[in-house]
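J.: Chain residues, written in single-letter form:
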Amino acid sequence: MSLETEINFTLNGRPVTVRVPVAMKTLTMLREVLGLTGTKYACGEGECGACTVKVDGRTLNSCLMHAVDCDGRELVTIEGLKSPAGMNPTQKAFVDHGAVQCGFCMPGMIIQADYLTDDDPQLTREQAQRGLEGNLCRCTGYTKVLDAVEAAVEAKRCGR
Amino acid sequence: MDQKVTAPTIEKKTLIGQRVKKPDAPDKAIGKTRYINDMVLPQMLIGKVLFAGRPHARIVSIDTAAAERLPGVHAVLTGKDAAGLRFGFVRDNAALKDKVRCEHDEIAAVAAESEEIARQAIGLIEVVYEDLPGVFTPEDGAREDAPQIHDNFPGNKSLYFEFSHGEVAAAEADSDFVVDNVFRPHHVTHCCMGTSCAIADFDHNGKLTIWTQTQYPYNYKMDLAPALGLQPGDIRVIQPPVGGAFGSKLDVYPYEPIAALLAKRTGRPVKVIYSREEEFKASPTRQPAIIHMRTGCTRDGTLTFRTADVLLDNGAYTSWGPTIPVIMMRTVSGHYRVPVVDFKAQAIYTNNPYAGSFRGYGNVQTTWATAQQMDMLADMVDMEPLAFHLKNSQVSGEITPQKSFLRECVLVECLETAAGASDYSRKRKEYAAARAEPGRYKKGIGLASSIHNAGGAKIHKSDGIGTILKVDDYARVTVITGASEIGQGIDAVITLIVAEELGVPLEHVLIVNNDSDIAPWDVGVHASRTTFIAGNGTRRAARKAKAQILAAAEKMLGEPADTLELRGGSVVRDACGTPLIKLDRLLRQMHFQAEPELVMVTDYYEPKSEPEGAKHVSDHSAAYSHAVHVAEITVDTLTGEITVDKITMAQDVGRVINRMGLEAQIEGGLAIGLGYALSENMLLDRGLLKNPCFRDYKLLTAPEMPPLDLHFIESDCAEGPYGAKGISELPTIVIAPAIANALYNATGVRVFDPPMSPEKVARAIDAQRQAAGG
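The listed protein sequences derive, respectively, from chains A and B. Per the working numbering, numbering through the first sequence is continuous, rising by one, with the last residue being 160. Per the working numbering, numbering through the second sequence is continuous, rising by one, with the last residue being 774.
Treat the hints as calculated values from the structure; they're not laboratory data. Values in this document were obtained by computation on a predicted structure and should not be read as measured data. The beta carbon of each residue, even a glycine, is placed where N, CA and C say it ideally should be. Take the hints with a grain of salt, since some may be wrong.
[Said to hold, decoys possible] Derived, one-sided and incomplete: chain B residues facing chain A with beta-carbon distance under 7 Å:
#, residue
1, 25
2, 244
3, 695
[Unchecked claim] The calculated DSSO-like cross-link candidates involving lysine-lysine, where the alpha carbons are at most 27 Å apart (straight line), are:
#, chain 1, residue 1, chain 2, residue 2
4, B, 13, B, 470
5, B, 32, A, 82
6, B, 698, B, 760
7, B, 608, B, 546
8, A, 92, B, 21
9, B, 32, A, 156
10, B, 470, B, 546
11, B, 760, B, 281
12, A, 92, B, 32
13, A, 156, B, 21
14, B, 429, B, 646
15, B, 391, B, 429
16, A, 92, B, 13
17, B, 608, B, 403
18, B, 615, B, 344
19, B, 470, B, 582
20, B, 615, B, 403
21, B, 555, B, 470
22, B, 21, A, 82
23, B, 461, B, 344
24, B, 646, B, 442
If we strip away everything but chain A, and leave its shape as in the complex, we get:
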């Protein structure tokens, strides 16, 4: 019943060609077609940020974006942040500062934090609070998340 189309895009640095139903959301494509389950479903209507991914360097809720709109773009998911050398500075900061509890919101939270700290190397704690407003977390109370973002800013500044 569903019309399908073929799309080409870059996913975590590698080219991907995939056929997807035109009504499918990017979140569903990532999780169910491409097997990248790091990106989470938690509300499906852009209210919680658990499904946040990077598209052409900016972040958005993959539950709101149609998969066909990925065509020709560059996507980075939580699986694409780390390198063979290990976790990227944002991921490492989240682990080191106790920002991860159940961890379910963390893929989206970390992607967003990574974007914010890349986008503004001078990011303040207050700016980070506002920048993470769209990412809900039920475990942490955000305090350790913000500690981690401050540490990530520092780590990136020092080139680590």
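Starting from the known structure of chain A, arrange chain B on it as the hints suggest.
T.: Okay, now just chain B, sitting in the frame of chain A:
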């Protein structure tokens, strides 16, 4: 033995109180952790539920023929497939219903090849309902002419609890002041980021394997079995990583037996997973209540009595929610020194959603009342609240009317620390004086405290834990424990304790705690008990292993075991730290010697607490703890909006074990408490939930989290591991009334029914102005 060791000495270093990372954090941070929500099994079908969508109705007919004919559908089940399979606390629930008693009642279920097909099939099921008049408040449910919700619970009466101590009438006659209020704590829900999910599969012999988010895997088997007509022993519970629980997974809910019934019918694994809307509608809530509380004191500020008459909105079925009086009464009788107590709580069935357990379990609701009345009484006596609290504070060794033995009680220290660090008394006076001055924004400061069990709570026959610990030939330690990790950080605590006792690196400790066929009994993650109980179990097991290792070392090295210690992966001389042999080498020598031995020990730890009992007079926890919160707020008197500027908190933690995990639990607990206090609210209109989404059900976000000043008071609990007490519920319990007291300090108004939303605060301020003739 000639052990030539030239290594430098290894100094004694303790990990207790250090900051230890969660072992599960790295995989979660890189997106590798496979949560139950992410799991796919070969041949797996997707189960979907048809919810009633109406609060009270007779089911006239169900036609599933069209759904069954849809290609890709493997099974369609209805109430008749679950007939006779009652489950729940009072056996009033069933996986699929024969009558509608609340909006989310499960009427039919489908297993299909895909989510899409299952959804279509659900849409093809035709049900004819005959709507019945409903009951939407416990007061209405208790009326003589109220519609009956369950045939076998006349008068809609569910559970009833009472406790009394002393003569209220006499105590009241001796009182100079009495406060008398009705508090109405509301419906809120857990909002786990990972929605509810279960995967069920039967083997050829009829044994069920269920992958579940449960936080109590052993009693879970007992509770699930009757919903399926199985023996508990024929159920294997596997707990993959979960996206939060907070008490919501402390019972069996219908989607779990539905997954199993579908798996049984189809012979294939079946996964049921909720959408966010389904999660809002169909998961348990915090127990709402109507609390009529009265507290008295004498002119010198000594408490004389406290009574609480509580009506609980049971909702349609009985889960853990209506059992909260067990904890409510401990607070009514134990929050400060109260010589005379009378507590009654009746739960009344309604056609509303039903409540389960939720972090803070009854104490959130009770402290909302007791802590505000403490503030009100201080005002009436004209005492500075801190002095009033201190005058009525218990000290170590006191026993409450319910026989809670406060062995190590540091309530006074908590009060003085939180009040001192926040400059509470000076600010309170200043803000109260500024109340009458002109100006839209008013500052306020409020103090609240509470007491909670901190060493488990023996409401089951056992509050214990089994632990199996083995050390392999490479000095890698495996701890097989009943303690569940639901994100709260018990794996880090267990790792820390093993490393502390056996002197091995943290990363050499492996934990197996997610399979009921492997790990031994534990009652579950609840009652702020896991660090206390599992911490003790782990330490006892590790010490047994250590004794075996050092006894072997004594034989091999010819030095007395009591002069040896395990440090830095070696056996060392305790006094000077000189390493004598690497631990892994010693273990291999033990294993491969003429009389070989392996290090594998077992332990069963049962805390020294007494069963709750029907009369509720028992020392039901191995420890009790207090916390004091001071909230500083700004109130916009025009819009009624409350901004929390700062929270200062002092809590008796017994002893800090993992400092990072402790802070994280306190911060997260506060956030849930803040949401409860200010914004979270399930809007129910005649039993129907009107805001089943994050847009309309407002959780706290990052910009709203205030700065925190946390103070950990170490009372050194004799029974706790290294002196530790359980900690995770008090932060959620105490903050809301601290803000309520701050609101009063800022404006002179009180809100008795949370949340303290802008609308309610603005209305209260407006009413006050009108009453004052302005």
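J.: Could you run down the list of hints and mark each one as holding or not?
T.: Verification of the supplied hints:
no. : hint            : in the structure
1   : 25              : holds, 4 Å
2   : 244             : holds, 5 Å
3   : 695             : holds, 5 Å
4   : 13(B) x 470(B)  : holds, 23 Å
5   : 32(B) x 82(A)   : holds, 11 Å
6   : 698(B) x 760(B) : holds, 16 Å
7   : 608(B) x 546(B) : holds, 24 Å
8   : 92(A) x 21(B)   : holds, 11 Å
9   : 32(B) x 156(A)  : holds, 23 Å
10  : 470(B) x 546(B) : holds, 11 Å
11  : 760(B) x 281(B) : holds, 25 Å
12  : 92(A) x 32(B)   : holds, 14 Å
13  : 156(A) x 21(B)  : holds, 21 Å
14  : 429(B) x 646(B) : holds, 18 Å
15  : 391(B) x 429(B) : holds, 19 Å
16  : 92(A) x 13(B)   : holds, 25 Å
17  : 608(B) x 403(B) : holds, 14 Å
18  : 615(B) x 344(B) : holds, 12 Å
19  : 470(B) x 582(B) : holds, 17 Å
20  : 615(B) x 403(B) : holds, 11 Å
21  : 555(B) x 470(B) : holds, 21 Å
22  : 21(B) x 82(A)   : holds, 19 Å
23  : 461(B) x 344(B) : holds, 24 Å
24  : 646(B) x 442(B) : holds, 15 Å
The structure shown violates none of the earlier numbered hints.
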